[in-house]
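First to last, the protein sequences are chains A and B. Mapping to this note's numbering: the first sequence position 127 is 127, numbers consecutive. Mapping to this note's numbering: the second sequence position 106 is 106, numbers consecutive.
These are calculated hints, taken from the structure and not from any lab test. Since no wrong hints were added, every one of them can be taken at face value.
Label pairs and their calculated CB-CB ranges: (1) B:T211 to A:R410: 38 to 46 Å; (2) B:P269 to A:R296: 47 to 55 Å; (3) A:R150 to B:R127: 30 to 38 Å; (4) B:D383 to A:S89: 50 to 58 Å; (5) B:L422 to A:S155: 29 to 37 Å; (6) B:G63 to A:R410: 42 to 50 Å.
All values derive from a computational prediction rather than experimental measurement. For glycine and all other residues, C-beta sits at the position ideal for the given N, C-alpha and C.
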Amino acid sequence: MKSPEASLADVAEALLPSGLDTVELFLKEGRSRKASLGSEGQLVSLHHERGWAVRASGDHASLFCCGSGRLAPRGRWPAPDGFPIKLPSPRPVSAWREPAGLGAPLSVEHEALEILQACARELDRELPASRLLRAALEDGESSSSIVSTRGVEASLRQRTATLHLEAALGSDAVTELVGARDVKAFDPRALARRLADRLLIRRDGSTGERDRGVFLLAPPVATRILASLLPLFLDHGSERGRTRSRALVGSSGRLGSSLLTIVDDGRLPDGLFSAPVDGEGMPTGRTVLVERGELRSPLGWVPADRRGGDRGFGCVRRPSYRDVPGIAPSHLFIEPDRRSPAGALLAGMSRGHYLLEAQGPGHFDLEGDYFQLTVGGFAVRAGRPTSAVAGARLAGKVSRLLMGVQAVARDLAFVPIAGLLGSPSLLVEGLEINGV
Amino acid sequence: MFFSESDAGALGRCLAQIADSRSDAIDLFLEQKEELELRSEEPGPGVVERLDEGLAVRLVRDGHTYLAARDDFEKGTLESALREVARVSPATPYRVPEWADSPMSEAAEARFEPELQELAEFPPLVRRLVRERLSAFEFRLRVGRFRRSIQVVGRRLVPGEESETFFSLGASTPWGRLGALTHNLGEATAVRLVDRLVGRFHARASEHLPTCAGPLVLGAAATAVLLHEAVAHALEADTLILSGRPEAAIGVPVGSPLLDVVDSPGDLPRGLARETDDEGLPVLRRWLLQRGRVSQPLADRFYAGLSSHLLPGAARRSSRHLPPVPRSTHLEMVVGSSGRQDLLAGAGVYLPEISRGRLDPLSGELVVEFPYGRRFRSGELLDWVGASALRGKASDILSAVEAVGSQAEFEGAGWCAKAGQLLPVWATCPGIRLGGLEVGR
Numbered sequence: 001m002k003s004p005e006a007s008l009a010d011v012a013e014a015l016l017p018s019g020l021d022t023v024e025l026f027l028k029e030g031r032s033r034k035a036s037l038g039s040e041g042q043l044v045s046l047h048h049e050r051g052w053a054v055r056a057s058g059d060h061a062s063l064f065c066c067g068s069g070r071l072a073p074r075g076r077w078p079a080p081d082g083f084p085i086k087l088p089s090p091r092p093v094s095a096w097r098e099p100a101g102l103g104a105p106l107s108v109e110h111e112a113l114e115i116l117q118a119c120a121r122e123l124d125r126e127l128p129a130s131r132l133l134r135a136a137l138e139d140g141e142s143s144s145s146i147v148s149t150r151g152v153e154a155s156l157r158q159r160t161a162t163l164h165l166e167a168a169l170g171s172d173a174v175t176e177l178v179g180a181r182d183v184k185a186f187d188p189r190a191l192a193r194r195l196a197d198r199l200l201i202r203r204d205g206s207t208g209e210r211d212r213g214v215f216l217l218a219p220p221v222a223t224r225i226l227a228s229l230l231p232l233f234l235d236h237g238s239e240r241g242r243t244r245s246r247a248l249v250g251s252s253g254r255l256g257s258s259l260l261t262i263v264d265d266g267r268l269p270d271g272l273f274s275a276p277v278d279g280e281g282m283p284t285g286r287t288v289l290v291e292r293g294e295l296r297s298p299l300g301w302v303p304a305d306r307r308g309g310d311r312g313f314g315c316v317r318r319p320s321y322r323d324v325p326g327i328a329p330s331h332l333f334i335e336p337d338r339r340s341p342a343g344a345l346l347a348g349m350s351r352g353h354y355l356l357e358a359q360g361p362g363h364f365d366l367e368g369d370y371f372q373l374t375v376g377g378f379a380v381r382a383g384r385p386t387s388a389v390a391g392a393r394l395a396g397k398v399s400r401l402l403m404g405v406q407a408v409a410r411d412l413a414f415v416p417i418a419g420l421l422g423s424p425s426l427l428v429e430g431l432e433i434n435g436v
Numbered sequence: 001m002f003f004s005e006s007d008a009g010a011l012g013r014c015l016a017q018i019a020d021s022r023s024d025a026i027d028l029f030l031e032q033k034e035e036l037e038l039r040s041e042e043p044g045p046g047v048v049e050r051l052d053e054g055l056a057v058r059l060v061r062d063g064h065t066y067l068a069a070r071d072d073f074e075k076g077t078l079e080s081a082l083r084e085v086a087r088v089s090p091a092t093p094y095r096v097p098e099w100a101d102s103p104m105s106e107a108a109e110a111r112f113e114p115e116l117q118e119l120a121e122f123p124p125l126v127r128r129l130v131r132e133r134l135s136a137f138e139f140r141l142r143v144g145r146f147r148r149s150i151q152v153v154g155r156r157l158v159p160g161e162e163s164e165t166f167f168s169l170g171a172s173t174p175w176g177r178l179g180a181l182t183h184n185l186g187e188a189t190a191v192r193l194v195d196r197l198v199g200r201f202h203a204r205a206s207e208h209l210p211t212c213a214g215p216l217v218l219g220a221a222a223t224a225v226l227l228h229e230a231v232a233h234a235l236e237a238d239t240l241i242l243s244g245r246p247e248a249a250i251g252v253p254v255g256s257p258l259l260d261v262v263d264s265p266g267d268l269p270r271g272l273a274r275e276t277d278d279e280g281l282p283v284l285r286r287w288l289l290q291r292g293r294v295s296q297p298l299a300d301r302f303y304a305g306l307s308s309h310l311l312p313g314a315a316r317r318s319s320r321h322l323p324p325v326p327r328s329t330h331l332e333m334v335v336g337s338s339g340r341q342d343l344l345a346g347a348g349v350y351l352p353e354i355s356r357g358r359l360d361p362l363s364g365e366l367v368v369e370f371p372y373g374r375r376f377r378s379g380e381l382l383d384w385v386g387a388s389a390l391r392g393k394a395s396d397i398l399s400a401v402e403a404v405g406s407q408a409e410f411e412g413a414g415w416c417a418k419a420g421q422l423l424p425v426w427a428t429c430p431g432i433r434l435g436g437l438e439v440g441r
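Start from the sequences and build out the full structure, keeping to the hints where you can.
What follows is the structure, given as structure tokens:
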């Protein structure tokens, strides 16, 4: 089998007649075990994945090609088109220690099924009237290498497991999606309790009354809001991006409260996607996107002194070898306040709402500075939950939400969407629930 | 063929070694596909080509499914997949024939020449048609071609190879993105795309449609998506089983008596039509609704095994890495007697397309979103209106159909995403008129 460098040389030679003089080769190999329980019975599967991807550019055009299996000499490549793309030059990668457990074997079949069956048992124990509609576990490992004619040579390994649960009570259904490096980290009892709590809130909750009090947004709700702000951190440059920033930053020059710091960290300790390099082989690191409420550089921003050169920290992701690499977060999160337990924030609320989940996709108009999100949780009086709230409409100005952050808790939790997005609980003022 | 005919028997014998009980079901799924996209109007690589091939072995035993998937056809690949599915080391090695076609490097290259010409001719055609409408606005086009060949091998049955070729269109405008599927890149396809682009352009500054209770007239493209969500998804056996026995739905009225809907993968245009499904079983002309009553839900072999009232033949699989699931392929709605003037009688709102739809499988609640529309009065289309949505029980919406158009159009109903499987779906539908419903923000 050829080395990545030898394969790169073959590809570069084949593409040169098309005017493509810079070439990058990405090779990936992996295995994953999947297990699921659902209406279709029990499924277990083992997948061996292997693939390659080539990006190449000349002065006037470019292409991206990928394929499954081994990269073999090809008789014909598609003609390049469009615009040239800039492939990065190599940059020094600082010291990196691989996280523990990266080389651990995949879970075996009965281990994976036992976790799913434990989730079903625990849910039945917590809430006998409920049903586990579907439970799916995926445990995978992969190794990749990146080489380019510009001199990049990098490799990385990944190990992730995800657990997806869907449960119903009557006609209400809720889902939980969690990720970890090792399937042993999944706690069926805790997950079942969360599902049961959410189902009960949906069954017993009412929309409640109109209120403008204080809101404690639990991590799932705060993370959903953070996800809606992603365009703000990925695109400052376009006209639409500038319009968004103008709409939200306003005359104060601030995006949010001074308690709000948002970062993306490709090397987050114990982070599921932590790696020394990104999908282009560039060194990863910590990028501050919002610092104490002030908007800083977006992901992939090119410093003025390096125009035409390389970005700050690497932040290009390749979810699979089939995907065209693109700027995306790895672990993007609101920084927690280590001294502030969420329970203390709840206890300090005289009147308000503790919102535990988003109950729909919501509507976020960043240009129009408006959002609305269907939520569920509890009404709070004197620091104690008093009644369940479900299907309530939380709405207001996005800018007011961000400026209204009064406290940040320490219970940072991540959700595997668009990389990993995370937030601790946030205490917020200036919003309205069930407004007209 | 992925292998020579003389090897078909040998492959069948290989599978029979593992499926040693009469109740076991086993199949080998072979797949080659190519996606070629021209993205020359946007930043990033101007051309994207994805080549993909591999195989999967699936064993269904006592309600449990075991699947092993691989990303190549190299020597030893099938043996290792068979061993994983069998979950025992055989006393003697599985005797697997050599592939007639060797790996992707040769087989797929011969099958899929990366010819860009037909894709490159489409954007200039669209731009010319936009100019002819005396419109000028900023948009970027992306044109893609998808080609896929599959073959299923069973213990005793080796149906022929199935192939499909179709195109995807994507346009980004300052007012959002739109996507479409089509089976050709002719002028008629370009005209339909330009209609949608120009519609969005005209409606760009229009207010969201306030709540409106007048009759709603859905164009053929909107009807296609509505039927896909409210009829096809609702009648998939894996949706029905969430609420009880799938066969219990048979005979239940779920819509207006004007609704006759059939799923007919065999009646698709050349290049898309199927003879067998993704489990290798013959496809049916399956009546989903007859006079508004459920006739035959969509089922694959697994669900058909649960009830003698369910018929298999509707299994689809977006990739070898995923198991088959019951899905529709091509919905056809029987045309009615209403001409354009009849549909647009009185005063109401005409909604030519749906940008997004979602059915809650447990509650039956349906939400469809319209990117724009036009008011009408006495057969005449008037001012443009902005985005709106229709919400309600799927059966209530289907019961509100009060007229069905007399002209059916073939449309790509879009990419269907359910349970992690992304599948192209098609429809041949007329426009419909809905009464007594409210559409609003």
